[in-house]
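Participant: Keeping the supplied structure of chain A fixed, place chain B upon it in accordance with the hints.
Chains as they are written, first to last, in this note's numbering: chain A, 1 to 280; chain B, 1 to 275.
Read the hints as simulated data drawn from the structure, not as lab findings.
This one's a predicted model, so the numbers in the text were calculated from it and none came from an experiment.
Glycine included, each C-beta is placed from N, C-alpha and C at the ideal position.
Mixed in with the good hints, there may be bad ones.
[Stated by the list, open to error] The calculated SDA-like cross-link candidates involving lysine to any residue, where the alpha carbons are at most 25 Å apart (straight line), are: (1) A:LYS191 <-> B:ASP253; (2) A:LYS14 <-> B:GLU151; (3) B:LYS244 <-> A:GLN11; (4) A:LYS191 <-> B:THR222; (5) A:LYS14 <-> B:GLY230; (6) B:LYS217 <-> A:LYS115; (7) B:LYS217 <-> B:LYS244; (8) B:LYS244 <-> B:LEU47; (9) A:LYS273 <-> B:LYS244; (10) A:LYS273 <-> B:PHE262; (11) B:LYS217 <-> A:PRO186; (12) A:LYS273 <-> B:LEU263; (13) A:LYS191 <-> B:ALA225; (14) A:LYS115 <-> B:VAL203; (15) A:LYS93 <-> A:CYS218; (16) A:LYS213 <-> A:VAL135; (17) A:LYS273 <-> B:VAL260; (18) B:LYS202 <-> A:THR32; (19) B:LYS202 <-> B:LYS229; (20) A:LYS93 <-> B:LEU153; (21) B:LYS229 <-> A:PRO194; (22) A:LYS14 <-> B:THR221.
[Stated by the list, open to error] Here are some chain B residues the structure puts well away from chain A; computed CB gaps all over 10 Å: (23) VAL22; (24) VAL41; (25) LEU103; (26) ASN173; (27) ARG195; (28) ALA216; (29) SER219; (30) ARG232; (31) VAL240; (32) ALA246; (33) SER247; (34) ASP253; (35) ALA266.
[Said to hold, decoys possible] So these bits of chain B aren't anywhere near chain A, every CB distance computed over 10 Å: (36) LEU140; (37) TYR178; (38) ALA186.
Here are the chains, one letter per residue:
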Amino acid sequence: MDAFQNKQVSQSQKLMVFVLTMSLYGLATLFTELIPKFQVGIVEFSVEYFLFIPLVLAMLFDPLSAALGAATGELVFSEIMLGQFGGLGELEKFLTVTIGVYIAGRLVRDPRNTKMVGVAAFVGTGAQLLMGTIVDICKVQFAVEDFEAVAGLPESVYATEGFAFLNDLIFSGILFCVLPTLFLVPRLYGKIEPLLGMNPRTKETSLGLFSAKTAAGCAVAFLCAVCAEMLASSGFELIDWEASWAESGTAMAVGMIVAAVVALAVLMVMRGKAQTAKVK
Amino acid sequence: MLNKLSESILDKFSMDFLRNQVLKNAYGNDDTLIAVRDPRVLLLWYLFFGLVPWFVNDIVFLLGCFVLVMITTLLARVAGLVLFLFALGVFSQTGYLLIVTLLFGGDASAILPLLVLTLKVTTVSLASVTVFSGLDPDRLSNGLMWYGCPERLSFSISYAYRMLPMLMEEFQNVLLSYRLRGNPPAHDSIPGKIRYLIYQVKVIVHSFYPLMLNTAKRSRTTVEALEIKGYRYAASSKEVRRMKLASLKISYDDLIFAAVSFLWVAVTMLLSSIL
Numbered sequence: 001m002d003a004f005q006n007k008q009v010s011q012s013q014k015l016m017v018f019v020l021t022m023s024l025y026g027l028a029t030l031f032t033e034l035i036p037k038f039q040v041g042i043v044e045f046s047v048e049y050f051l052f053i054p055l056v057l058a059m060l061f062d063p064l065s066a067a068l069g070a071a072t073g074e075l076v077f078s079e080i081m082l083g084q085f086g087g088l089g090e091l092e093k094f095l096t097v098t099i100g101v102y103i104a105g106r107l108v109r110d111p112r113n114t115k116m117v118g119v120a121a122f123v124g125t126g127a128q129l130l131m132g133t134i135v136d137i138c139k140v141q142f143a144v145e146d147f148e149a150v151a152g153l154p155e156s157v158y159a160t161e162g163f164a165f166l167n168d169l170i171f172s173g174i175l176f177c178v179l180p181t182l183f184l185v186p187r188l189y190g191k192i193e194p195l196l197g198m199n200p201r202t203k204e205t206s207l208g209l210f211s212a213k214t215a216a217g218c219a220v221a222f223l224c225a226v227c228a229e230m231l232a233s234s235g236f237e238l239i240d241w242e243a244s245w246a247e248s249g250t251a252m253a254v255g256m257i258v259a260a261v262v263a264l265a266v267l268m269v270m271r272g273k274a275q276t277a278k279v280k
Numbered sequence: 001m002l003n004k005l006s007e008s009i010l011d012k013f014s015m016d017f018l019r020n021q022v023l024k025n026a027y028g029n030d031d032t033l034i035a036v037r038d039p040r041v042l043l044l045w046y047l048f049f050g051l052v053p054w055f056v057n058d059i060v061f062l063l064g065c066f067v068l069v070m071i072t073t074l075l076a077r078v079a080g081l082v083l084f085l086f087a088l089g090v091f092s093q094t095g096y097l098l099i100v101t102l103l104f105g106g107d108a109s110a111i112l113p114l115l116v117l118t119l120k121v122t123t124v125s126l127a128s129v130t131v132f133s134g135l136d137p138d139r140l141s142n143g144l145m146w147y148g149c150p151e152r153l154s155f156s157i158s159y160a161y162r163m164l165p166m167l168m169e170e171f172q173n174v175l176l177s178y179r180l181r182g183n184p185p186a187h188d189s190i191p192g193k194i195r196y197l198i199y200q201v202k203v204i205v206h207s208f209y210p211l212m213l214n215t216a217k218r219s220r221t222t223v224e225a226l227e228i229k230g231y232r233y234a235a236s237s238k239e240v241r242r243m244k245l246a247s248l249k250i251s252y253d254d255l256i257f258a259a260v261s262f263l264w265v266a267v268t269m270l271l272s273s274i275l
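Bound-form chain A, shown alone:
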């Protein structure tokens, strides 16, 4: 039997884990997107975090596939299907979810060790939330013109974001991530793996300790997430360009209108011709 206990999961099993995490987490995020949040004072109660699903699966299966599956599931089900795709911001969410879930999955070497499972779930959620907070602050800073000049705005952004982070970490971090993970991992361990044709993860078959290389990989991915937002900051040049063009731009705008009208007329004529040709 030992020969069969292959340490490496096959490509198709990775795809299975990917599909599994994607559909489950996608479904869950779809519901959170649909259920309105309610606020009591400034404390926001929301079932925001179904993050326990990918966390559980990342601890039991290949972490990278589970992490990518979770991020893709969220993107496809709740963003693209509901038409709430937010462009650059989604890239940041995609990467932070991937990193958070991946870290948690790598930390757990033996899923039967409940203490480690709890710590990993907390660390994974915390990492994801912290990265989200940092990027959120950047986002508001770049989107609002003369950020510092608006009285009271910088402090309010730091305060709301910091508070939201703590609130999320305590409320969803513990209630919605650590407790369900602690509940589900021991139950699913040894039961769900055979369904995908795998052996349960043990200390020997785990991917090994969290190495400096993986940490560096995560850091690079986070930098990418920040860069996605920094791309917005490079838009400052675009604003300058836009502004200088707006001053002398009447002639150019008129030119563009003329070009558009001509193109439209030509297209209309061509379409008319094509249609009459079809009728004949």
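Facilitator: Same frame as chain A, but now just chain B:
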């Protein structure tokens, strides 16, 4: 009277309602003006209206873009729930920021930048609602693939749209069977209400246990079926890709759509430079 009202609202907001809205959004309108556009043109269009508003602070220009994307959203006949969620999202986000700003000693001067921010967010998200909600999922995934998105992503989109109804039904069934067997605590008083909430959350978490096992089985079947059809080879093969994308054709109507949008933008630019 009030009781009846809240009951009817809750009735409306049931699982079935949610499912119907999502399905309607995904499959319901494939004959609209937006749905039949070429996905490549529409994605380029989105690239413009999803990016440019972030970098422009000219109110006339932003308003012009906003009106255009609003018209296209109406043309795409997006499901009501999506629009409602969108409105809720935008206004809770920026409205909340405004209240806190005032709380921290900001004055009326804070309103204008926030208004600009709201306008930007609205325009960008309406553009995405138009493209991603209005476009047929298969066409969308083909379009993304044409631009070189990983095969995984377009597979995920097609898979999600086909699997979602089944998954939702299964989740509902599991949830209902837990409810049927469970004994919810009385929820008349405040502590009872909290207990009831905890009970609900617990049921949801518990119901993910059978759901995970079932989905694991299903995803194994899916992947094995894909393997039989040579999916992983096909995903990397250039020829398969070409065959798959051969159905994409840009018609004159697509170009006219692009030209009209261009004309609109040019007119708003003219207006913003005159005003």
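Participant: Decide, hint by hint, whether the structure agrees.
Facilitator: To see whether the hints hold, each was checked on the structure:
1. A:LYS191 <-> B:ASP253: violated, 55 Å
2. A:LYS14 <-> B:GLU151: Status holds; Cα separation ~15 Å.
3. B:LYS244 <-> A:GLN11: holds, 24 Å
4. A:LYS191 <-> B:THR222: holds, 19 Å
5. A:LYS14 <-> B:GLY230: Holds, at about 16 Å.
6. B:LYS217 <-> A:LYS115: violated, 29 Å
7. B:LYS217 <-> B:LYS244: violated, 29 Å
8. B:LYS244 <-> B:LEU47: holds, 23 Å
9. A:LYS273 <-> B:LYS244: Violated. LYS273 of chain A to LYS244 of chain B sits at ~30 Å, over the 25 Å cutoff.
10. A:LYS273 <-> B:PHE262: holds, 23 Å
11. B:LYS217 <-> A:PRO186: Holds - the C-alpha atoms of PRO186 of chain A and LYS217 of chain B are around 19 Å apart, at most 25 Å.
12. A:LYS273 <-> B:LEU263: Given that 25 Å is the threshold and the Cα spacing comes to 23 Å, the pair holds.
13. A:LYS191 <-> B:ALA225: holds, 23 Å
14. A:LYS115 <-> B:VAL203: Holds, at roughly 24 Å.
15. A:LYS93 <-> A:CYS218: Within the cut-off at roughly 14 Å; holds.
16. A:LYS213 <-> A:VAL135: holds, 24 Å
17. A:LYS273 <-> B:VAL260: Distance ~19 Å between LYS273 of chain A and VAL260 of chain B Cα, so the pair holds.
18. B:LYS202 <-> A:THR32: At roughly 16 Å apart (the allowed maximum being 25 Å), THR32 of chain A and LYS202 of chain B satisfy the hint.
19. B:LYS202 <-> B:LYS229: violated, 41 Å
20. A:LYS93 <-> B:LEU153: holds, 16 Å
21. B:LYS229 <-> A:PRO194: holds, 23 Å
22. A:LYS14 <-> B:THR221: holds, 14 Å
23. VAL22: At about 7 Å from chain A, VAL22 of chain B fails to clear the 10 Å cut-off, so the statement is violated.
24. VAL41: holds, 13 Å
25. LEU103: Not fine: 7 Å to the nearest Cβ puts LEU103 of chain B too close to chain A.
26. ASN173: Fine: 13 Å to the nearest Cβ keeps ASN173 of chain B off the interface.
27. ARG195: holds, 15 Å
28. ALA216: violated, 4 Å
29. SER219: Contrary to the label, SER219 of chain B does not stay out of reach of chain A, its closest Cβ about 4 Å off (not over 10 Å).
30. ARG232: Given a closest Cβ separation of 7 Å, the condition is violated.
31. VAL240: The claim stands: VAL240 of chain B keeps its Cβ more than 10 Å from every Cβ of chain A (closest is about 17 Å).
32. ALA246: Answer for ALA246 of chain B: holds, closest chain A Cβ roughly 20 Å.
33. SER247: holds, 19 Å
34. ASP253: Violated: least Cβ distance 7 Å, not greater than 10 Å.
35. ALA266: violated, 4 Å
36. LEU140: The claim is violated: LEU140 of chain B sits with its nearest Cβ about 7 Å from chain A, within 10 Å.
37. TYR178: Non-interface label on TYR178 of chain B holds, nearest chain A Cβ at 14 Å vs cutoff 10 Å.
38. ALA186: Label holds. Min Cβ-Cβ 21 Å, cutoff 10 Å.
Consistency note: the structure conflicts with the earlier hints numbered 1, 6, 7, 9, 19, 23, 25, 28, 29, 30, 34, 35, 36.
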